[in-house]
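Knowing the structure of chain A, use the given hints to seat chain B on it.
Number of protein chains: 2
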Amino acid sequence: MKLQNDLILRAARGEEVERTPVWLMRQAGRVLPEYRKVREKMGGFKELVESPEFACEVTIQPVDILGVDAAIIFSDILVIPEAMGLPYQMMEAKGPWFEKTVQTAADIDALRVASGEDLHYVLEAIRLTKEALSGRVPLIGFAGAPWTIFAYMIEGGGSKTFSKAKKFLYTHPDLAHKLLDKITQSTLNYLLAQVKAGADMLQIFDSWAGVLSPEQYKEFSLRYISRICDGIKAAVEVPITVFAKDAFFARKELGLIHCDTIGLDWTMDIAESRALIGNMKTLQGNMDPCLLYAPDQVIVDETVKMLKAFGKHRHIANLGHGIYPDTEKEKVKLFVNTIKEFRF
Amino acid sequence: MKLQNDLILRAARGEEVERTPVWLMRQAGRVLPEYRKVREKMGGFKELVESPEFACEVTIQPVDILGVDAAIIFSDILVIPEAMGLPYQMMEAKGPWFEKTVQTAADIDALRVASGEDLHYVLEAIRLTKEALSGRVPLIGFAGAPWTIFAYMIEGGGSKTFSKAKKFLYTHPDLAHKLLDKITQSTLNYLLAQVKAGADMLQIFDSWAGVLSPEQYKEFSLRYISRICDGIKAAVEVPITVFAKDAFFARKELGLIHCDTIGLDWTMDIAESRALIGNMKTLQGNMDPCLLYAPDQVIVDETVKMLKAFGKHRHIANLGHGIYPDTEKEKVKLFVNTIKEFRF
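For the protein sequence lines, the chains are A and B, in the order given.
Position one of the first sequence corresponds to residue 168 (our numbering), numbered consecutively onward.
Position one of the second sequence corresponds to residue 168 (our numbering), numbered consecutively onward.
Chain A extracted, bound-state conformation:
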């Protein structure tokens, strides 16, 4: 089906656009009262992720309500460790928790390489969403970067420092590579299956990039992200975005891998990032999510300033992190509309 709005795909490929496209990380989520209603009905976050009909419904909500230029499938990066053999629970207000974690060579051997079909419920949600969208906007599929998934599998949950996961890198580098390799294979299978099911674009989230040193980042994260990009590009024609939160130190190297778009957070200067990354990539971001707490005029002024700093082409507007759940819906709409109405 031909897309009626393919702005975001054209921006990712570096083609001309009439205006800057926009979507928001966590746009399908608690910021929308409509989401909270579905969520209440379903019970928990995981039940929602695992129910294709409901996942489809909340995926489309921000397209209808906020008018964004892309949908992103409602899911979670931790479906991969679960498909590999490490189930998790999502604890209210506390985040993810794994009963079993990976500590030894035997633990790694016991994990399987996930196939796309292990995550049939996500693929089904993608198929339903594509149909329901009927070409209005592209659908983004996603996965966590291998390092971020690894960090959760060792740590067993969130952490300020991820010191257990980092300890594993220092004490068992060979085992770390073995596990990262298994995660990488699983993730590649999963992302290719998402494209086959209908995803028009992919994003890789490296949420815990920022706890590593630049050297460790290259060895334990970037090379695996790069392998995933190469594997996807060898098989299908689909734009890939890499968002490595807090990895200011890896911008130059990110500019050299086979992705199309690089996500920036609000601590990264736009002109400096462009100079480091070069002109062959699209940049995504990078507004501070807290701007959406500001008075309307401040939101408009800062958003226009951001648009001008990125320039007309090779930019996909977004926040520099997921929307915070206590943001007012009207403020999000103002951000989106300011971008959609702005002309260079």
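Keep in mind the hints are simulated off the structure, nothing from the lab.
A couple of the hints might just be wrong.
[Unchecked claim] Straight-line alpha carbon distances no greater than 25 Å define the calculated DSS-like cross-link-like pairs of lysine-lysine that follow:
hint	chain 1	residue 1	chain 2	residue 2
1	A	Lys498	B	Lys327
2	A	Lys327	A	Lys363
3	B	Lys334	A	Lys500
4	A	Lys498	B	Lys498
5	B	Lys331	A	Lys496
6	B	Lys331	A	Lys261
7	A	Lys496	B	Lys327
8	A	Lys331	B	Lys334
9	A	Lys327	B	Lys327
10	A	Lys331	B	Lys498
11	A	Lys208	A	Lys261
12	B	Lys419	A	Lys472
13	A	Lys208	A	Lys267
14	A	Lys419	B	Lys331
15	B	Lys419	A	Lys334
Note that the coordinates shown come from a computational prediction; the quantities given were computed from them, not determined experimentally.
Here is chain B on its own, set in the frame of chain A:
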């Protein structure tokens, strides 16, 4: 009393040193079994901070046990909000918690500007420690940067995003400046009193620098740190270190304020930081605290690599963050001894 080891002061002033001096953030703390023993006897962390005799005892422990080149007074950055009128509790494993927080203009008006004497127990601990050290090594005094203190006072505790504190900057910038001004005056009074009581060197910790955008950082943090540095330099001759965790984006600007030493964390490339900051400042840091989990040979190799990257002069060796409490004491000693034995 003449100092027998003034390496760290000479390094801060940019003078010649025979070898690189070393101390460790959180060296007086749970990494030492000797500390844990005193702590058990005392009950809680705050009781320890408020008891000059015990604070003195644990301050000196790492000088005796680890052989570091400086002591840092055992205290907490949150003594300042408490002295201004916002008491806090330290919750086991959870961190600080404030019953009252600052939300309105009236809340700010109700706070007092702290004087040095409000923190008499810290000053007494400094006097006792200076006496007990009898000139073996310099004693470092410290305080939180105004932005970091502000963040706790608004937020009421730790946070991953400090979104409440940042919201306040966007919604009440004038009130934010008013509160930051009061914190700045209190902190300047406090640091000058620490020097009068015997501190040989001062460090300002901006633990939550990294959640701000570069622009907000200049407006709401750096200018207040700069005012404190100016106020200290106008009154006394004492080297000042500024450690703005995660503020990679402010390195150039930090190089322009009236401090002597700038702390780096392990995500910041050493050569790049030197180029941004220039040759007129000493750099402190910047080993990943997780290196101390590694096998001995890796610790030695990485430590020597770090020393060489910083060069012989204008470097104070340290970690890029406080020691993690589950680090083995012997690993810390290996790090310290590797630095003390290395010659250029």
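Checked hints:
Among the hinted pairs, A/Lys498 with B/Lys327 is consistent with the structure: their alpha-carbon atoms are about 22 Å apart, no more than 25 Å. Using a Cα cut-off of 25 Å, the hinted pair A/Lys327 and A/Lys363 is violated, with the two alpha carbons roughly 36 Å apart. For the hint linking B/Lys334 to A/Lys500, the alpha-carbon distance of about 18 Å falls within 25 Å, and the restraint holds. Between the alpha carbons of A/Lys498 and B/Lys498 the distance comes to roughly 51 Å, so the proposed pair goes past 25 Å and is violated.
Taking the CA atoms of B/Lys331 and A/Lys496, the gap is about 17 Å. The hint holds against a cut of 25 Å. In summary, the hint linking B/Lys331 to A/Lys261 is supported, as the alpha carbons are separated by about 18 Å, within the 25 Å threshold. Taking the CA atoms of A/Lys496 and B/Lys327, the gap is near 22 Å; set against the 25 Å cutoff, the hint holds. Of the supplied pair hints, the one linking A/Lys331 and B/Lys334 is violated, its CA atoms being roughly 32 Å apart against a limit of 25 Å.
Among the hinted pairs, A/Lys327 with B/Lys327 is consistent with the structure: their alpha-carbon atoms are about 8 Å apart, no more than 25 Å. Simply put, A/Lys331 and B/Lys498 have alpha-carbon atoms about 16 Å apart, close enough for the 25 Å limit, and the pair holds. Taking the CA atoms of A/Lys208 and A/Lys261, the gap is about 21 Å. The hint holds against a cut of 25 Å. Straight-line distance between C-alpha atoms of B/Lys419 and A/Lys472 comes to about 23 Å, which keeps the hinted pair within the 25 Å bound.
The suggested pairing of A/Lys208 with A/Lys267 is violated, with an alpha-carbon distance near 29 Å, which exceeds 25 Å. A hinted pair counts as satisfied when its Cα atoms are at most 25 Å apart, and A/Lys419 with B/Lys331 does not qualify at roughly 33 Å. Of the supplied pair hints, the one linking B/Lys419 and A/Lys334 is violated, its CA atoms being roughly 32 Å apart against a limit of 25 Å.
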